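Novice: Can you build the whole structure from these sequences, using the hints too?
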Amino acid sequence: MVEAQQMSQPSWLNESELYKCVHCGFCLQACPTYLATGLETESPRGRIALMKAVNEGRLEISDQVMRHWDLCIQCRACEDVCPSGVPYGNLIESTMDRLRVHRKIGFVPRLAYEISLRYLIPNQRNLAIVFSMMNFYIKSGLQKLVRKTKILKLISDRLERLEKMTPSINGKFFRAQGQFYSADVEGTEKIQMLSGCVMPLTQGDQMRAAVRMLNRANKDVEIPSNQGCCGAINSHVGGLEKAKELARANIDAFSKGNDSEPIVVASAGCGARMMEYGHLLSDDADYALKAVNFSKRVVDINEFLDQSKLQPGEASIHKIVTYQDSCHLANVQKVKDAPRNLIKSIGGVDFCELKGSNVCCGAGGTYMITEPEMSEAVLTEKIRNLADSGADIIATANPGCFMQLDNGIKAAGLDVEVKYVTELLDETYKQK
Amino acid sequence: MKTKYSIDGAQPSEGVINPQDRDELSSVLSDVVGSDKVVVPMGGATRLHIGAKMPKYDYALDLSSMNQLVAHNSADLTCVAQSGVTLKSLQDILKEQGQFLAIDAAFPDQATIGGTLASNAPGYMRWQLAHMRDMVIGMEVVLPSGTITKSGGPVVKNVSGYDMARLHIGGYGTLGVISEISFKLTPLPRHQGTFILGFQTESDLHDFSAEVFKSHVMPLALAGINSELIKELDLNFPSSLYLVLARIGGRKMALIRQRDILSEIADHYQYTYSDFLEEDPSDILWEKVRDFRRYSSSESISGRLFSTPTRLRGLLERMNEYFQKIELNSAFSVQPGFGTMEFFFDGFSRTEKVDSENAMREIRKIVSENGSHLNYEQLPTGLKNGFNMWGPINQGSLGLMKSLRNTYDPVRKLNRGRYITDSE
Amino acid sequence: MSQSELSEINDLVADLKNIVGGGYVLDDKADLLVYEYDGSIDRGSPVVIVLPASATEISSVLKLARAHSIPVVARGAGTGLSGGAIAEQGGIVISMARMNKILEVNSDDRYAIVEPGVVNLDLSTHVGPQGLYYAPDPSSQRACTIGGNIAENAGGPHCLAYGVTTNHVLGMEVVLADGSVTWFGENERDGVGYDLRGITIGSEGTLAIVTKISVRLLRSPEHVKTILMAFETIEDASAAVTGIIGAGMVPAAIEMMDHFCIKAAEGAVGAGYPEGAGAVLLVELDGLFEAVEEEYEEIEAICREFGPLEVRVADDSLEREKLWSGRKGVLGALGRLAPNYYLVDGTIPRTKLVDVLRQINELSERSGYPIANLLHAGDGNLHPSILFDERKPGDVENILAIGSEILRICVESGGVLSGEHGIGLEKQDQMPLMFSDEDMATMSLLKIAFETEDLLNPGKVFPTGAGCGDISQARAIARVGPGAYI
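Chains as they are written, first to last, in our numbering: chain D, 1 to 432; chain P, 1001 to 1424; chain F, 2001 to 2486.
One or more hints might be untrue.
[Claimed, not checked] To be clear about the criterion: a stretch of chain F counts as covered by chain P if any three or more of its residues have a C-beta under 8 Å from a C-beta of chain P, and this derived list gives those stretches:
(1) 2376 to 2387
(2) 2411 to 2420
(3) 2427 to 2435
[As the list claims (entries may be wrong)] Restraint-style ranges between C-beta atoms, simulated for each label pair:
(4) V292(D) - L2318(F): 32 to 40 Å
(5) V1070(P) - E2438(F): 42 to 50 Å
(6) N2398(F) - K355(D): 18 to 26 Å
(7) V1032(P) - R2358(F): 19 to 27 Å
No lab work stands behind these hints: they were computed from the structure. Because the structure is a prediction, the values reported are computed rather than measured. The C-beta atom is built at its ideal place from N, Cα and C for all residues, glycine as well.
Specialist: Okay, structure coming up:
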């Protein structure tokens, strides 16, 4: 640390956090990219060692060095097993942010990248247009044609792989901003809910199921207007300023009427991001306190339903069901038992634990698009374990995981359905 | 004339040395013995018949005077003893404190702990199926040069420096002379007894043993013996071709439960005999089995075989076929859980159909084909010349063993020509 | 680096690429940086890292290294605490990360054959459904590899009853320094000739490189019971340990914590230890149901003699986990008492517990540095942790001296320098406390017999020279994550 002080360049890293790592190596087996490669450079300990080396002036940031950080899926499983309590998430987030100035990328990719992050993901209306186009592509039969003719392969393998990731659109979009869903019973508590960015477009049905479940748990659900993307995607790829902007907007949106009601979140990644607004805005004089208070209100829907002790409906599901931990639910929010408890509470379900259920599936938000090779390598192992498990249904709690698993299952030709935990619960209330 | 010091009929040409302590032992090796002389370290001389015939035998180095128990830290379950202590005298002292050393070599009233370790003679007691070497936690060794060295110590958990003691266990005194040993001790079971089952077929013997090891019974010892040995030991177990002896121990309820489990397993078999011996009768039975070589003669051929539980089964079948073919009756005892076997048969003089050396080679071939290993431990002196008693071993290991021998005893002062390293 | 050295390295890298394939040879600056450490505080940069897939490839690498006279260090997961996997003298690091397959499980003969890169816990998880497990359970078992365990002869809390790594290895395939490949022992539990297997285990990678391992598997116990006992003083707790062992009982594990640890754990985990407890014992029994219950009754009776403040018992896994939580979280919790701690590893005869702990306590009072004691008490393995603040001038020097003094107390009480972390770089200069020059010379003759030309993990285990004691020991500080269960 002495060397660090002598550096001319101010560090972008919090040294007291960075030097908590004593390189014991307990994180290795928790890291999906280390498991896939066996390389120390692709491990949390290695990535931290590289940060230290740069911080101490022993290493220049080069394209090769950046690759190692870029390959991090940011699942944060390493934090969960770290005996020293290294806040790896903070470290990698500020590193990614810093890297933006070092990147040499072409004009077109850069433009696409900036447009997505600045105008698409944060803007529900623009995003909806894109997904409507996707919906048309799928429903019109164009997708079938493209896949059958393998026309994209002629252009590039990468493009063909990207096409395969086109998400399926489940039902109508969930356009719910400003809506109020009453439980229609006396003496209910009101809660607020995040509608999100991608999830209401790709998984409208599941969002509606989530609202129904909350109503059944005797909660009135308000979806405040003017809310937006939680900022997770921006922070992962190194757009902390935009992420902060989004965070401030959400804090305002969710504090208009009442700033003490629980904020229930149905996608694990968003919940995790929102729980850390306190850290994200700790330097913001106006918002630091509000952010801390906001973060305390955030609760994942699985945790919320599990604590509500709501009994599932009467219909039983006679299937073997397994559960894939959504990384940001398990590792950041530390919610592991709740989704399992909910699944097990369903009549007829034969729950089996998936081997390596706590290892990331490789989705990582936009990671599956930006790092398709590694994403696929990680997914392959996951799908192999899934095939071995004999499960009929794999449940999860986050849209990224949902899409990634769905893609993997289809590619492998497995006869397994992907479901949200809340969606499964909702099915128990359906009339036979 | 056969004395304690006879080896293959030869006496030590320069006489017997009886060191009283480590310093005497050290000065004997460094000063008394000339560089071309050959010294044979020994304890109770119960296993001197093992190994190739030595071309030269100058001194018998008798360690039986170094017979002090240096320390018995009974509350720590450890002890330190000089290598010339006999197994029996040690066990007697330990027994007073309700403890024992989980090493159960034959002829314990003569066999010393040093000799037992050096000649790798473990016996039947298998605490948690561990090896005799697992009971050793420290060792002092006097090198052929006279240098006194130690490794390990009287603590049960230790990763300080190389684990040198390992080299001398089964090293037949070819790298140095063991002078003192630290042992890890085991509490004596409060009660013990032996469950006996008689079978008509060998496959029942193996099946039963396999089931025992799949159950939650943890036998102190488990052995199978054949009719020839039953006859030799003069045991009265009518109409059984094979016997399984399962020695179990523990507190009252644990013993009853283990006995019940064994009975339940036994019910799956058509056994011809069943009994349970408690305490003393059980002890006496095991002493007989343990010392079975007492019943062999100087013309007998005996061997020890190293295998795995499942391979042992096929191996026995093949060996029996062969013995039948050449009309030999072999007495054997197997430890199915451990995968080892000891056997002996009287010399080939009874039958003129086979050439002895050919038969021994044939048996070794059967063993090798099975992927197992065989040492001949005893051969009539006439057969020893030119026959390698040591089982074959891979070239890489053998090369390294020879290199170790050259490093620690370059002039082959100890046991020259006797051990596997000294074969051509 | 001179021009000729550079070109030699380039040649070496090219040759290595021919052996294992280009993708498995790493020599980028970033690569060298992340292979310079293990779980200790030492550093040593290799020249190149290779990730071979087979013994044949390792054999070629060793032949090449010998031709270049360049050192080779084998590396598992790099979790060791004594610097065993560090390329102290540069050279080639052989990472076992790709050799991580469980090759065979034989449930009838109860053995498994694994490659050295297999993670310790993965083996037990793999054979668990067959009612078997691999007994050695070092605290890093979620990450450390069986190959690394072999190098350091690793232990674990449950080695009290079941023994350390060497007691569980039947045989192994090794590559010798000249590149020849051979087996030491096989799947048999006994064999012919010197115990080459035994001498290689715990040799910290200085004699041979292990490429396949045959380990024995044990049957999972029918019943497990954990007992937590709180005592007023550490003397009472130590006496209870001696009482248990002296009465002829060897539980699966006996762990102890003193009042510092209790205070810290209480604050962090809220384990609910009784107020005023000077020491807590955690005893685990396993085996046949009746055996466990009968032994439990006796142990409880023995402990009652020493007036425990409280006795708590757990039979199911959830409850057991609760009792263990305080123990497992204690290192992390020590951070609440002081900014830094120096964890010492030594073993003493179990009957000396009271005496040695008293001496350590006196040392603490004399020096003014608090020393928290957590112990694998059942096998006499101490982990005194000296609390200090590295920012205070003189603190580091002082606690190093205290650490040395503690090791000296251990050795004088008939104990040893290391119970489970190994000598490596950390304690090589303390070896003379325990061994004479003749002892060490005799040990290092093994390198001659194995004809290693001192190219296998050189510079480890044996002292490097006088006056370096404090330097090498300094490496030990703060090397253990505070949440690690050691």
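Novice: Compare the structure with each hint and give your call.
Specialist: Each hint tested on the structure:
Given as covered by chain P, the stretch 2376 to 2387 of chain F passes the check, having 4 residues with a CB less than 8 Å from a CB of that chain where 3 are the minimum. For the stretch 2411 to 2420 of chain F, the stated coverage by chain P is satisfied: 7 residues place a CB nearer than 8 Å to a CB of that chain, which reaches the threshold of 3. Residues of the stretch 2427 to 2435 of chain F with a Cβ under 8 Å from some Cβ of chain P number 4, which satisfies the need for three, so the listed coverage holds. A hinted range of 32 to 40 Å holds for the C-beta pair V292(D) and L2318(F), which are about 33 Å apart.
Checked against the given bound of 42 to 50 Å, the beta carbons of V1070(P) and E2438(F), roughly 20 Å apart, lie outside it. In this structure, N2398(F) and K355(D) break the distance hint of 18 to 26 Å, their C-beta atoms being roughly 49 Å apart. Evaluation of the 19 to 27 Å hint for V1032(P) and R2358(F) yields a failure: the beta carbon distance comes to about 47 Å.
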